[in-house]
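Novice: Following the hints, complete the assembly by docking chain B onto the known chain A.
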Amino acid sequence: MSHHDSHGMNLVLHVWRQKGPNEPGKLEQYEAKNVSPDQSFLEMLDEVNEQLIKTGGDPIAFDHDCREGICGMCSQVINGVPHGGQERTTVCQLHMRNFKDGDTIYIEPWKAKAFPIQRDLIVDRTALDKISQAGGYTSAHTGGVADGNAILVPKPSADYAMDAAECIGCGACVAACPNGSAMLYTSAKVAQLAELPQGQAEAAKRVCNMVDALQENGFGNCSNHYECQAACPKGISVKFIARLNREYQKALFK
Amino acid sequence: MRILTSTVGRKILMSITGQLLILFVLIHMIGNTTIFFGALNAYAEHLHSLPPLVWIFRLVMLSAIAVHICYGVQVTLENKAANPGAYAVKKQLKANFASENMIWTGLLLALFILYHLAQFTMHLTPDVVVGLDAINRPDVFKMVSTSFANAGIAVVYFFAMIMLFLHLSHGIPSFLQTMGWNNDKTIPVFGTGGKVVSAFLMLVYISIPAAILVGALK
Chain A
136 MSHHDSHGMN LVLHVWRQKG PNEPGKLEQY EAKNVSPDQS FLEMLDEVNE QLIKTGGDPI
196 AFDHDCREGI CGMCSQVING VPHGGQERTT VCQLHMRNFK DGDTIYIEPW KAKAFPIQRD
256 LIVDRTALDK ISQAGGYTSA HTGGVADGNA ILVPKPSADY AMDAAECIGC GACVAACPNG
316 SAMLYTSAKV AQLAELPQGQ AEAAKRVCNM VDALQENGFG NCSNHYECQA ACPKGISVKF
376 IARLNREYQK ALFK
Chain B
12 MRILTSTVGR KILMSITGQL LILFVLIHMI GNTTIFFGAL NAYAEHLHSL PPLVWIFRLV
72 MLSAIAVHIC YGVQVTLENK AANPGAYAVK KQLKANFASE NMIWTGLLLA LFILYHLAQF
132 TMHLTPDVVV GLDAINRPDV FKMVSTSFAN AGIAVVYFFA MIMLFLHLSH GIPSFLQTMG
192 WNNDKTIPVF GTGGKVVSAF LMLVYISIPA AILVGALK
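If you read the protein sequences in the order shown, they are chains A and B. Everything in the first sequence is counted per this note's numbering, starting at 136 for the first residue and increasing by one. Everything in the second sequence is counted per this note's numbering, starting at 12 for the first residue and increasing by one.
The following block holds chain A by itself, in its conformation from the complex (with noise of 0.2 Å):
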C-alpha cells in the first residue's frame, strides 16, 4: 500500500466512540494496519479514519490544530495517560516509533466533571477560558508599545514568567488529576503575571477571581498529588502552585 510496508505495524485500537455530550459512550475496536514508524499518532488515526470513510464507516472525532505541539488543541489520553506519556510531548508529537507491532493502544478523551464530552475524542474545555477570563490578563493601563520597554523586567523574573507562560491550555493537567483540579493551569498564569511588574498591580485581585473561577466551573480541588506536572506536555512545575498559595496567603491579608 505505501512505502513503509516493510516496516508497516499493525495495532488494535481500542476508541472512546460517543456521538454527543447527552449519549453514552463506549469503547470501539479498530485495526490500524501497516502503520509507519515515522508517522504521528494524529496521522495514524487519520488513516485509521480515511479506511473508515471508505468503508461507510463513522470517523473518529478528535480535535487538533497546529500539529506542532504549541496551540494545545489535541486532547487524547493514550495507554492511561494524557498525550501518551512521553515526556514534554502533544499527541501531535507523538510518534508510532514508540509502539510495536501488535500494540494494543486504548484512546480515550479527557475525563473531567469540567470537560463535558462533545463526541468521540472531544470534549468542551471552555471552563478553563472562564478560568483566564476571571483574571489571566492585566488591564492595568501600561502604556503604548514604546513604553513596553521603559518597564524593565528583570532577566530571572523573565524567566520564571516564560517559564510559567508556557502553558498551552490543553487541559492535560485536569485529565491527569485524580480530583479534576485544574490548578497547574491556574497557577501558571497567576505565577506568570504576578511575576511582572505589569501584572502585579491586580495580582491580589487576580488570584482571588481566579480561583473562585476554578471552584465555580466544576474543576476539584488540588490535594498535591503532582499528576498534573507528570502529565504536562509543557513540563508546567508544581512550584507555580506553591507561588499560588503564597499569593493567596498575601490576598488574604490585603
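Keep in mind the hints are simulated off the structure, nothing from the lab. Each residue gets a CB set at the ideal place from its N, CA and C atoms; glycine is no exception. Careful: at least some of the hints might be erroneous.
No more than 27 Å apart at the CA atoms, straight line, and that leaves these computed lysine-lysine pairs for DSS-like [stated by the list, open to error]:
1. B:196 <-> A:290
2. A:161 <-> A:235
3. A:235 <-> A:265
4. B:91 <-> A:248
5. A:161 <-> B:196
According to the in silico footprint, chain B covers these stretches of chain A (three or more CB under 8 Å from chain B) [what the hints assert, rightly or not]:
6. 221 to 233
7. 240 to 251
8. 267 to 274
9. 327 to 337
10. 358 to 368
Specialist: Frame of chain A; chain B shown alone:
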C-alpha cells in the same frame, strides 16, 4: 470569609491544622520515649499537674482535628464529584497509594484516636489496669505495659502507626506545598524528607508496644 469556603482557603486551613497535629504527634512521641528511661510515670504526672493548661491543649487539638476532618471529608466528596473516574485505562505517574488514600488513612487514624483516648485517657476498655506506683503516682507504665503485652492490642497500634506513616508521608510534603514554601529545588527534597520523617515517627511509636510485647521493657 473567603478562607473558609474557597478551594485554596480550605486547603490552607487543612495545612495549618495538619501542622498542629504533626506537632502534637512529635511532642507525644518525645513524651512517650520517657518509657525507655523509666520516667513515664514522672512525665505523666508533670503533664497533668496543670489541669487548665491540659484542657486548653486538649481543646486546641480537638478543634484542629474537627476542622481537619470536616474539610477533609468535604473536599474529598467534591473531588470525587469533579472526577467521574471513568477511564478504562489509567496509569498514575506521580500519585501514589498514600496520596490517593488520605481520606481512608485519615479516618482510620480518627477511629484509632477514639480508641486510644477511650483506652489510656478514659480507661474504658477492659484491658486497662488503673493503679498507683510505689510513690503514689498514677502507674501509667503498668497500665501501658499490661495492655501492650496483649498481642492483639499491640497489633492494633502497629496498624495505626502504619496508617500514620502513610498519612504523613503525603501530608508533610503537602502542607509545605500548600503554605507555598516550595520551589523546584525543594519539591523532591520535601517528598523524600516527608517519607523519612514519617517512617521515623512510625518506628519510634511502634518501638514501645514492640518492646513490651517481646518483654524488653519490664
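Novice: If a hint holds in the structure, say so; if it doesn't, say that too.
Specialist: We went through each hint and held it up to the structure:
1. B:196 <-> A:290: OK: residue 196 (chain B) and residue 290 (chain A) at ~19 Å, within 27 Å.
2. A:161 <-> A:235: holds, 25 Å
3. A:235 <-> A:265: violated, 40 Å
4. B:91 <-> A:248: holds, 10 Å
5. A:161 <-> B:196: Between residue 161 (chain A) and residue 196 (chain B) the Cα gap is close to 43 Å, so the pair fails against 27 Å, i.e. violated.
6. 221 to 233: Answer violated; 0 residues pass the 8 Å Cβ test.
7. 240 to 251: holds (count 6)
8. 267 to 274: violated (count 0)
9. 327 to 337: violated (count 0)
10. 358 to 368: holds (count 8)
Violated hints, in rising order: 3, 5, 6, 8, 9; the structure is consistent with all others.
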